[in-house]
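J.: Per the working numbering, the sequence shown starts with residue 451, numbered consecutively.
Certain hints may be false.
[Said to hold, decoys possible] Derived DEER-like restraints, expressed as beta-carbon distance ranges: (1) Asp557 / Pro598: 15 to 23 angstroms; (2) Thr552 / Glu504: 33 to 41 angstroms; (3) Pro598 / Gly535: 17 to 25 angstroms; (4) Ser613 / Asp540: 27 to 35 angstroms; (5) Thr552 / His632: 19 to 27 angstroms; (6) Phe519 / Pro481: 27 to 35 angstroms; (7) Leu623 / Gly530: 43 to 51 angstroms; (8) Leu506 / Asp557: 37 to 45 angstroms; (9) Glu611 / Tyr541: 31 to 39 angstroms; (10) Phe519 / Lys609: 31 to 39 angstroms.
Quick caveat, the hints were computed from the structure, so don't treat them as lab data.
Ideal placement from N, C-alpha and C gives every residue a C-beta, glycine not left out.
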Amino acid sequence: MPENQLFPAVLLFGYPGSGKGTQGVVLGEMPNLLHLAMGDIFRALDKESDLGKEFLSYSTKGLLVPDDFTVRLWKQHVDGLAASGKYDRDYHVLLLDGIPRTPAQVDLLKPLIEVKKIVHLVIENEEALVARLSGRAKKSGRPDDADPDVIRKRIAVYKEETSPVLAGYDAALLANVNADQHPLGVLRDVADVLSQCVSGKI
């Protein structure tokens, strides 16, 4: 794909409980932002399609989905949105949530996307984050998720997995946003970051 045909994209990262899903949905309502959550793409996969059958060949055996499969599925989804008129490369900036998740995915995506910015929702007070997730889990009726040690492990795993992914990009692209504030405050700060890199697309 020629360089001028790369998909313009903003990458969205966030700690468990940082409000990443909420921010992604709200931001996706902006006229020239298209929010794509990889989890949603996996869930919407037609299990009778070629990619669907390939996905089942991994998932039914308890195997991790390979990185190249994930990127192929993502690319097919974006191409489908373009073909249906829901995505215009010259107008939209993709807000990617859940991809890339590994350094290999970073490399596979480099010929496909032009990363305009990386928004990382960060909560410095990890104990406050543990308390937030614990309270949320109790309300949702999932007591296992309310175990503080389990939550701390999830946070540690997130940091371990995310650090090498972020290292695959120019540090100048990274914008850390304080997610330990009201969701409207987070939205304000994220919007300020994005307005500097996507305003030219309006």
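J.: Now look at each hint and say whether the structure bears it out.
T.: For each hint, the structure was consulted:
In this structure the supplied range 15 to 23 angstroms is violated for Asp557 paired with Pro598, their Cβ-Cβ distance being about 36 angstroms. Remark: the range hint 33 to 41 angstroms for Thr552 to Glu504 is contradicted by a beta-carbon distance near 18 angstroms. For Pro598 and Gly535, the Cβ-Cβ distance of about 48 angstroms falls outside the hinted range of 17 to 25 angstroms, so the restraint is violated. At roughly 34 angstroms, the beta-carbon separation of Ser613 and Asp540 lies within the given 27 to 35 angstroms, and the hint holds.
Here the CB-CB span from Thr552 to His632 is close to 32 angstroms, at odds with the stated 19 to 27 angstroms. About 32 angstroms separates the C-beta atoms of Phe519 and Pro481, a value consistent with the hinted range of 27 to 35 angstroms. One distance hint, 43 to 51 angstroms for the beta-carbon pair Leu623 and Gly530, is violated here, with the actual separation near 27 angstroms. One distance hint, 37 to 45 angstroms for the beta-carbon pair Leu506 and Asp557, is violated here, with the actual separation near 26 angstroms.
Hint check: Glu611 to Tyr541, Cβ distance near 32 angstroms, so the stated range 31 to 39 angstroms holds. Range check, Phe519 to Lys609: Cβ separation about 26 angstroms, and the 31 to 39 angstroms hint is violated.
Comparing the model with each numbered hint stated earlier shows that hints 1, 2, 3, 5, 7, 8, 10 do not hold.
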